[in-house]
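Q: Model the placement of chain B on the given structure of chain A, informed by the hints.
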Amino acid sequence: MSTDLILQPTDEQRMMVDTTIRILESESPLEAVRAAAEGSEPSSAKLRHKLGDVGCFGVLVDELRGGGSASGNGVVDAALVAAERGARLQPGPYVGTSVTAHTLSRIGSQAWHGVLGTLVSGHAAATWAVAGLNGHALKVCSEGDHLVLDGVAEAVQDADECDHLLVGVASATGVVHVMLGLPDPRVTLTRLGGIDITRRFFDVRVDRVAVRFGHTLAQGEAGRTLLDRQIAVAAVLGAAEAVGAMDSDFRLAVEYAKTRIAFGRPIGSFQAVKHLLADTGLKLEMAKALVADAAFAVGRESEDSAVLASMAKAFVGEKSIELAHNCFQVFGGIGYTWEHDHHLYMRRLASEAQLFGSPAWHRRRVWDQASNTPTHP
Amino acid sequence: MSERLPQIVEYRREARNWLESNLDKKEHHAPRPTITGNGDISETKLAAQRALQRKLFDAGYAGISWPAEFGGQGLPKTYERAFAAEARGFVLPNFGVAGRTTFGVCAMTMLAHASPGFLKRHIPRILAGERLFAQFFSDPEAGSDLAGVRTQAVRDGDRWILNGSKIWSSGAYYADYGMCLARTDWDAPKHRGLTWFAVPIAADGVTVRRIRQINGDAEFCQEFFDDVVLGDEDVIGEVDEGWAVARTMLLFERGGGATETVARGTGDARVLAPDLVDLAATADRLGDPAVQQAIVRRHIDDIARRGLDRRIASVVSADPVRGSAFASYGKLASGTFDPIRANTALEIAEGAATTWPVDSDTGRPPRVALDFLDSRFMAIAGGTNEMQRNSIGERVLGLPREPSFDTERPFREVIRSARNWSGKVG
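Chains as they are written, first to last, in our numbering: chain A, 1 to 377; chain B, 1001 to 1426.
Looking at chain A on its own, in the form it has when it is part of the complex (with noise of 0.2 Å):
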């Protein structure tokens, strides 16, 4: 059963989301991360061939360069995408992947073409480090001809696993955005202990990694407008993940409510308990409503793209945990234990309402955009 973030989808993408819930199901069902968490295993490479296959890591990719959205608007495929792998609590640096293909289609260097066709067909993987959102440790400052890179990049997806880091950096004229190959001596990978056990997150320590001028992605203003953009990208697939997972959750509370009997009644007949699954069902059908407002926008690159990006990315991460603590009461001692599956997304929940900017960070981001507030001095 699919997530259903729009209501309307296109045959194609109705197609699409049909797949990749099949493959999901058939190659990584939730005893698999489950088990995989528990032996804290990295992602299935074999999952993300098939997922690469049927193209899901091509859609925010442009044609030209061997990708294609599904319906035109690649941003609302990939939230399509990243709602259904939400739902099912996939692993995996998906975010990370499809910003980087994204950003490299965009970029449009024929030098990243062999390292895009890799990415797109599922066969490597990338995450993304981004100063001012996952940690502030890492600089960048030139010497010659050359920029060196130097600091750590804090909490990092997936590190282990991906065949390439791309890194955004402030400098003093704008931001520098780098693309390392994995694994690299000069770069060492700290595992860090995580809420969210589905997914693994790393300190990456950058040693005086040094990049020549005409090396980089983008810097200065340009690298600029490619982090805002980025930063969109993010915000909605990280938001369209969380609702997936929100909607895992509250289906479960719901299915719970309707089997559980207590005091002679199943306890969804209660109006506490039926009450309080109402007020949650309205913040989740509110989050998919503005999770995909914020898709079609971004896709569309609309003047408000980064605006409405930046207010589901923030209405979801605090929507979000508080659904996960209204399935929680609903579920009660059960779901306090270990077997019972509300713990995992209750902790990817509260994982990613801080991955890719928390809720307060982009409110900020918000009021800063904003056209009829006056900007800060």
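To be clear, the hints were calculated from the coordinates, so they are not data collected in a lab. We put the CB at the ideal spot given by N, CA and C, even for glycine. Each statement offered as a hint is correct.
Only part of the chain B face toward chain A is listed, based on derived beta-carbon distances under 7 Å:
| hint | residue |
| --- | --- |
| 1 | Asp1268 |
| 2 | Ala1269 |
| 3 | Val1271 |
| 4 | Leu1286 |
| 5 | Gln1292 |
| 6 | Glu1402 |
Have a look at the derived ranges for each label pair, beta carbon to beta carbon:
| hint | chain 1 | residue 1 | chain 2 | residue 2 | range |
| --- | --- | --- | --- | --- | --- |
| 7 | A | Glu301 | B | Lys1025 | 32 to 40 Å |
| 8 | B | Ala1325 | A | Glu301 | 35 to 43 Å |
| 9 | B | Thr1354 | A | Ser358 | 28 to 36 Å |
| 10 | A | Pro42 | B | Phe1405 | 55 to 63 Å |
| 11 | A | Ser358 | B | Ala1313 | 26 to 34 Å |
| 12 | A | Ser358 | B | Gly1323 | 34 to 42 Å |
| 13 | B | Gly1363 | A | Ala172 | 55 to 63 Å |
| 14 | A | Arg14 | B | Gly1267 | 25 to 33 Å |
A: Same frame as chain A, but now just chain B:
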């Protein structure tokens, strides 16, 4: 038949010509509508609206899609929409809330249920602007529990004698008739034994009292009926089958209700809630990060509600039955977020929301104070938040119903045993 219809392009052109030579152009930039509050409808204003409606009626632009045998034009809805689109920039009759009730709810319900004789007597007059209907639906003792009405009509020879009281009837103080739900059989279960009547407000025994509301307005009314004499020709639909009529009415009411909610941000999402930004500017708090975050939160809620409205419309168009249940999300969103928004405005405005100079331009309290007092309107009117949550829980999420104490037994007995409530079932 169809070849005799005017071409829609031709129809539009004629309508445009007629509008330009007969109606006034609308002044631009109406202020953001309040949650309730339509202002008083004076006798003079009412007479002017009746004249304007008559003009439309005489020209064949009233009831464009309504049946021709009852005074309408019998044209497809597309013509009605075409006329509405052309007329958007013109001053149309505005009968206030009773106008919306008459044309959007009562007449539509009558067309679905009333006898041809009834419709011939009433609908042409409605279309000509001579007859406004208010809804006499809720009793003082039956609000959310709509079917629990105790206002009663008792058979007396070939007449009906109406006694009781109705409340929350919007605009009844200037309406001509009330569409009234009364109990006609006390020995039937609650939902059976109900009948609808058209009650002339000028009839002997009808008293209308305006209710002064929390915001100072007096748009709602209460009516008292003392031995009001009605005839069989006043019955709408079948005797004792009034609940079926009520269900139709609720559908129209919910459809129409959507237009009354506070207009939400349209277009560019970069324009943050202008009223809240203005309040913050006035209070010199635009630089306060707490205020900034609060405004952005409310702006996000506004835009998410806009998206939800579209999502609901999409469900309704794909599946009207599921849609009618799903639409409760929109009502619950209003009932939930209107108060939150009003509270935020109060927090931003600080003292300016609670005290103000008495010699202000309008003589009315500032908007922020009125919005606050008004903000629970959608949480209560037309089915409380709790009713929406029940409806969502049972009809959208498929949760089991509560045990019911009043659906099978005679209503007379239900009232009696409720007075001696023990908590035991059966």
